[in-house]
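Novice: Kindly generate the complete structure, drawing on both the sequences and the hints.
Chain by chain, the residues:
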Amino acid sequence: MTRDGLLPNYTRRDFIKTCVAVSAMLGLPASMVSKVAEAAQNSDSRPTVIWLHFQECTGCSESLLRSSHPAVATLILDMISLDYHETLMAGSGHQAEKSLHDSMMANKGNYILVVEGGIPTKDNGIYCKVSGKTALESLTHAAEGAAAIISIGTCASYGGIQSVGPNPTGAVGVRDIVKDKPIINIPGCPPNPYNFLSTVLYYVTFKKLPELDQMGRPKFAFGRRIHEHCERRPHFDAGRFARAFGDEGHSQGYCLYKLGCKGPATYANCSVLRFNDGAAWPVGIGHPCIGCTEPDLLFKTAIADKVQIHEPTPFDSYAPIDLKEKGKGPDPLTTGVIGLAAGAAIGAGAMMAKKLPDGPDKGDDRGKSD
Amino acid sequence: MRNTSRREFLALLGATGATLLAGKASGETRELRPINDTELGMLYDATRCVGCKACMAACKRVNRDSGGLSYESAPFDKDKLWDAPTDLSGSTRTLIKLYKSPEKRWSYVKYSCMHCQEPSCVSVCPVSAMTKDKVTGIVEYDKNKCIGCRYCQIACAFNIPRFQWERKAPQIVKCDLCSSTNLKGKGITACAEVCPAGAITFGKRGDLLKDAHDRIIANPGRYVSYIYGEQELGGTNHLYLAGVPFDNLGLPNLPNKAPAEFSEHIQHTIYKGFIAPVALYGYLCVRALWNRKKAESAGIQEEEE
Amino acid sequence: MAEHSNEFVRVHGKIFTKPFFVLLALSLVGVFLIIVRFARGIGAVTNLSDGYPWGIWIAYDVATGTAIACGGYAIAILVYIRNRWKYHPLIRSAILTSLFGYCLAGFSVVVDVGRPWNAYGFFTPSRWQPNSAMFEVALCIMAYCVVQIIEFLPSVLCVLEHGKMKRLQKVFYYFRPQHTTRDEAMVETALEWVHSAVAWFHPKFNNLLIFIVVLGLVLPTMHQSSLGSLMLIAPTKLHPLWHTGFLPLLFLINCMYMGYSIVILESIISSFILKREYEVKELSGLAHIIPWLATAWLAVRLGDLIHRGQVAAIFRGDFYSLFFLAEFLLLAVGSLLLFNRELWTSPRWLFITAVMMLLGGGLYRFNVYLIGFNPGRGWHYFPSLAEAMITVGIIAIEILGYQVLIKLLPVLPNQHLHRNIAPAQPHKLPCVAVRG
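If you're matching them up, the sequences are chains G, L and P in order. The working numbering applies: residue 93 is where the first sequence begins, and numbers increase by one. The working numbering applies: residue 12 is where the second sequence begins, and numbers increase by one. The working numbering applies: residue 1252 is where the third sequence begins, and numbers increase by one.
These are computed hints drawn from the structure, not numbers from a lab. All of these numbers come straight from a predicted model, not from anything done at the bench. By construction, the Cβ of each residue, glycine as well, lies at the ideal position given by its N, Cα and C atoms. Keep in mind that a hint or two might mislead.
25 Å max Cα-Cα, derived DSS-like pairs, lysine-lysine [unchecked claim]:
#, chain 1, residue 1, chain 2, residue 2
1, L, 143, L, 283
2, L, 305, G, 416
3, L, 283, G, 416
4, L, 305, P, 1421
5, G, 311, L, 197
Pairwise CB distance ranges (calculated) [as the list claims (entries may be wrong)]:
#, chain 1, residue 1, chain 2, residue 2, range
6, G, 303, L, 44, 29 to 37 Å
7, G, 451, P, 1358, 36 to 44 Å
8, L, 267, P, 1559, 16 to 24 Å
Specialist: This is the structure:
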């Protein structure tokens, strides 16, 4: 399995293009490209990656397989040393397990542990066992010698679909089990492969983790909400919504908020990066975002449930300069009551004036008695 | 005796009137606080504004918590999806409106506090809740001092300060150039920072005026040849350039004299050094005591009132 | 007994009359709405808005109400400075009305402002802002309320010194149904102690009272003119028919003739309702002063309008011109009538002219604060029902309080004294009423 054998047409030019693309995605300046390339091609210092699968659908690995820059082959042959991956590795059975054991021993303290899938914890974690060991044991053991852990996918980050109530297996994410190692969460169902690839290459290049948000997600990918960078946002701002699949608004490409789009509450970069190398993303093809990077949205809320907008922005119209009616003017009831009261007062005054004497000696005898 | 009293009284009135007139006449030579062009302000160029309202969104996002602001939903908006104020209010410090002229020349306009050189609101606030910073010139509001009397609303000729009528603990709301938020953290107001069209420029008043003049000279057909705020009410730190007459944009035609100067002048003339009240008290005491002695000696019993 | 004059008497009569209950009902409605205002915010109860932040609570309760409460001020000038002791009998009722008027104006302010808990700022020197006319108005009015309470003390002291306080005793015995002679002795001793304490205090108090009285002349001069100064800051919003540098002077003279007018009005209404003799002798003297004050006021007004070139605005026939003419004509016709000395002794005409002067003078203040105030196109204001009922409730509390106190304390003048008829029961204690 040599490089020439697998990819005879992959030139250096292609390689550099890959590095340029990845650097751009990471938000690195152009001058860093050479550094990224250098790090990527340095086969002697190819970092070891151990990839464990637990309660997963393998969608995250599948997503990775759909990347093209770099293609998975380039990744595992030139950039990293993928010492254990149940789906991609050639070996199986005891041979595979021995490779795992040997790699963990040889690279103790230096390898990157990638975890895909949730980890059941109920009943000592017997609900997921690989080669006779529970997921819990495998993870704990592997985490000991890891330099950093990347949880790829929502399942590894937060527990995923199996953790939805009643959570019969007690499934949790990596962060709930491993407490003493740096963990990077790359949630998504599946996540965009380039988020994962960029994170790995960032680590390889700079030997440190990219800036993470409060949920352990890299900010370059999860720092902004879908709603804040969606091509249908002008429709939202103008109040143009699709109200049912296939209706007029839907076919016009209007905003999918009323169909339950979770974009306003979901931090991800799907609207920018899209999937299948930028071919499509859910909202773009007419399906509302389901919030798959958010632990409280994916599978916890109905797809059709509308989210609350927490920081509303202005509507797409303008109030006229001259607002005709400002403040509160007279209303019939008050005007009536005040009018009546004023009338009564004037009436009483007039009557009293009539009754008052016209001079000092005229009028009734007051105070003269007694 | 009646005649004397009437004559005396009219004389007293005349004297008072004369004092006031004299005070008023000398008003023109009273010390004028000179315009300070190093104060901070903003220049809003209506011809560059595209009406995106990013400034409104940024202002509310940045100042919402410290300013006690909230989002205002339009009547048709049951899901509360948008912030749609129709006017400055107790929840909105800045606003973009649109002027559509019949000749198809449209212009946006941004309203916010003018940060006057001689602010009326500062002059009238009895408890110093409205203050003008000596260095930056920013007119700031301190809700911990405010008693909610709303005199500043009466005083402001631009009708900028707004009150939170619907709250149990209401405060006055107006732009403060992000003095406790964006300006402190990033040295620029949130609206100027976020404006994608360069319509809002933040800086020192002198620099902004020069910039504005340069723009008018470079592009005379684009602008009304006037900078609104350069002289209005003694000058403001928030300046406007536009391509349509300012009156159309809801920016009122105002005289160049600061109202605070006029009212403070009268107030100071009457109460300078508190001399007049003390003198009046002294004179009246003497009169009253003299009267009492006269009455006692005339045998009128008046121990009790 | 000669050293204590029965110059003032208590009105003999039931406290719980029909008018009492009507006024009480109105007061309670007002109090209830005030609670609603504090529970739900100002916007829930008023029609105030950002264009019209001041409504009838400021225009009436504060600006006009304090002018109506200038009776004490007006009479005090006459008695203590002009040395006209013949008006002295009027002074306590004038001060009582004045006291209520000012204290309730202050109360209205507490109801009106949005953040009253910061009001201690008026007593915090670091927060003082003496450029503001409102600063001066607030401190002056607060000081004046204190002054008036002190000025009213003599009638309270009189009762404490000489009265048997039978009503209070009744309340005390109500809680002790089986009272013994020991209880009665205790009450007697307590009364004696109070009497002697007040007797010691009273003369000292009287000696110093004059200085308080003079303070009570300076303070209103200051704050009534400053109430005019409050609107100097708004030349672009107050219509030129009203905005002028002479606002302080105009408000000062205005409060004087309104003060005399309210004394006349209140005296006539009291006499009418309580079936007392009309105090025509004193009132005719006041009626003489008013037209001169009003004429001076009208002269300043017209002169100022001519000087500022606003005469055309008077006859424009628009909303502002009509209100100006209403205010002007009420005052001008009222003054003209008052120049006719035949009317000075007629209670009917005193009543009518006093009402005209008060309406005209009050309308002037309303015009300056509210009607002539135009913040810009589109702004409207008309008081809400709740707003109006709070004002009515506060006025009802005033009248109620006045009505009750003139029956509890010697406030109204003793009319027998004036007509040189000895009191029917001379051995009765002084200061306490005979049929008044």
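Novice: All hints, please: hold or fail.
Specialist: Hints and how they fare:
Between residue 143 of chain L and residue 283 of chain L the alpha-carbon distance is near 23 Å, which keeps this suggested pair within the 25 Å criterion. For the hint pairing residue 305 of chain L with residue 416 of chain G, the CA-to-CA distance comes to about 67 Å; that exceeds 25 Å, so the pair is violated. Distance hint between residue 283 of chain L and residue 416 of chain G is unfulfilled; the C-alpha atoms sit about 45 Å from each other, more than 25 Å. Simply put, residue 305 of chain L and residue 1421 of chain P have alpha-carbon atoms about 45 Å apart, too far for the 25 Å limit, and the pair is violated.
Our distance criterion of 25 Å between C-alpha atoms is met by residue 311 of chain G and residue 197 of chain L, whose separation comes to about 21 Å. Taken as a hint, the range 29 to 37 Å is violated for the pair residue 303 of chain G and residue 44 of chain L, whose Cβ atoms sit roughly 49 Å apart. A beta carbon spacing of about 41 Å between residue 451 of chain G and residue 1358 of chain P agrees with the range 36 to 44 Å that was offered as a hint. For residue 267 of chain L and residue 1559 of chain P, the Cβ-Cβ distance of about 18 Å falls inside the hinted range of 16 to 24 Å, so the restraint holds.
Figure legend: structure checked against the earlier numbered hints; hints not met, in rising order: 2, 3, 4 and 6.
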